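> The task is simple: from the sequences and hints, build the whole structure.
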Amino acid sequence: MTAEQRARSLGVHLVLIAYSLLAVGPILLVVMNSFKTRSAIFGSPLAPPDATTFSLVGYEKVFRSSHILTYYSNSLIVTLVSMALVLLFGAMAAWALTEYRFRGSTALALFLSIGIMVPIRLGSVAILNMMRSAGLNDTLTALILVYVAQGLPMSIFILSEFIQQIPKDLRDAARCDGVPETRIFFEVVAPLLRPAIATVAVFTIVPIWNDLWFPLILTSSDSTHTVTLGVQQFLGQYITDWNSVLAALSMAILPVVVIYVILSRQLIAGLTSGAVK
Amino acid sequence: MPESVSNITAQMPRAKLAGLLLFFLGPAVAIYSLFSIYPLVATMALSTYTSDPSGGRHFVGLANFQTLLGDALWSKPFWNAFGNNLIFFAVHMCVQNPIGIALAGLLSLPGLRLKGFYRTVMFLPTMLSVVIVGFSWNLILSPLWGVASGALKAVGLGSLFAPWLGLESSALVTLSLISVWQFVGIPMMLIYAALLNIPDELIDAARVDGLGHFRIFFHIKLPLVLPTISLVSVLTFVANFNAFDLIYSVKGALAGPNFATDILGTFFYRTFFGNQLQLGNPTMGSAVATVMFFIILVGLCLYLFLVQRRIRRFAF
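For the protein sequence lines, the chains are A and B, in the order given.
At position 190 of the first sequence the residue is numbered 190 (UniProt numbering), and the sequence of numbers has no breaks.
At position 221 of the second sequence the residue is numbered 221 (UniProt numbering), and the sequence of numbers has no breaks.
It is worth saying that the hints were derived from the structure and are not from the lab.
It is possible that some hints are incorrect.
[Unchecked claim] Just so you have them, the derived chain B footprint on chain A, three or more residues with Cβ under 8 Å:
#	stretch
1	20-29
2	103-117
3	120-127
4	144-153
5	248-262
Quantities reported herein were computed from a predicted structural model and do not represent experimental measurements.
Ideal Cβ placement from N, Cα and C applies to all residues, glycine included.
Structure (structure tokens):
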């Protein structure tokens, strides 16, 4: 490496490190200060907590005065059930659209792709009316139904690309052996779609976990709030109590960050796999 | 794609094929139609009705739209929200895309070490909820905490600090920049993937011809990833004209100060759900949603007919 190349590479790293700091700095700052006493939060915001400034008072307050555990379990239920249904129904539909030739298949694919671009949020007025008249208002079921409808178009689109890449011989061999179509899908094709889960997750599951709009519109009681909405309302209520606010923010941040760090390799591979070109 | 359909499925009896299609497509099509397409259509239909105090609904044709665009009580806040939304979008286009392109360009440099680490760290904000991001920045920029003013002081720019989120003149741009900070990961990743897909031969040929890194990037790589950049732009357009969470969580439904940060999403929410100033109005809310739908549709059509077609004409 020549001196010039070394200088250039140093410059590139400096820019990337600076931007990385800008990207995680604010998150670190919030999480770090959530473990400190009130005076330390204001006295030395940039210092990490030490023996004298460490405090969990904010977390105690959040646990005492909000239903944070209920919010977590609601978010978990809604996200996991939606994800399972989005993947299952999405894969089934993608299979039928790519594998069988039938009249109207192009029209159907176009119909399904409307949902990729047009936000379902614009139908909120009618969704709320429907849920009210079906007695599903303020239930997790309502959220799940909306999220499945919202996630399906993108998941069908992504899964179709994956299914097209599966070698044809595999399913034709099974067909020659007289294996029924449903078993070909569930036992031969579906297991091969596992790598697609990460891609679908980035585009459909993360937005579900983070969504504020539909919980705000469709749920009204504490027992059905999700983490995003629950924390948002808590923040509004305790805005002057910095310990609690920072603790509540950290509690919303940490699970996502932990899961993201564990799965980041797959998630980023999924994002750059060419599903969206 | 006839070759992807095997002969066996093509020769299937019609009844059997119909059964299979019903089984495989039924659930997805039913849920999607019922909870996504039907509500969109029903909302548009509802926008042509009005409700009287007793709860009855009357068909009024396009009168709601006339009120929305013609009655100053409605049209002023609507155009204010629309204008703010345009600024919100413009800031994204002018800041998010160049930063995303620059970061993707750096990340795709051959032989760069710690690539995976940088990617993971820089994409992290995109994974978080907008509510959390908005509120965290709200604290950081707050004069009460003094982190932002302290940081500026440390580099000798202390006099530049102002409570940006609270001032009518700067609140909207500040919020737009917070949103850019969060979502810059998406253009970065998509453009990065597109840059990796450029065949090596092309770059090698340019290098043999004596082009430097910068000229290769601007004259060869950038034109080749233009389709991705326009895709990112249309994704940003749709997301921006339907944004709500950030403004609502930082500024509340009233999008203060003095509606300076009001965008179509918050305007829609106030109209439909109501707030301290007015009662919720589902039919007018539907009218606002319908207008938003057409704005997004215009954006999509411009993309499909102008940008897409152009790109195809110039591709190779």
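> Given that the stretch 120-127 of chain A was listed as covered by chain B, double-check it with a C-beta distance under 8 Å for 3 or more residues.
holds (count 8)
> Please count how many residues of the stretch 103-117 of chain A have a CB within 8 Å of a CB from chain B and say whether that reaches 3.
With 6 residues closer than 8 Å to chain B, the stretch 103-117 of chain A meets the three-residue bar; holds.
> Using a Cβ cutoff of 8 Å, are there at least 3 residues of the stretch 20-29 of chain A near chain B, or does the coverage claim fail?
As far as the stretch 20-29 of chain A goes, the hint holds, because 7 residues have Cβ atoms under 8 Å from chain B.
> Take the stretch 144-153 of chain A, compare each residue's beta carbon with every beta carbon of chain B, and decide whether three or more fall closer than 8 Å.
holds (count 7)
> Are three or more residues of the stretch 248-262 of chain A within 8 Å, CB to CB, of chain B?
Holds, because 7 residues of the stretch 248-262 of chain A bring their Cβ atoms closer than 8 Å to Cβ atoms of chain B.
The structure fails none of the hints (numbered hints given earlier).
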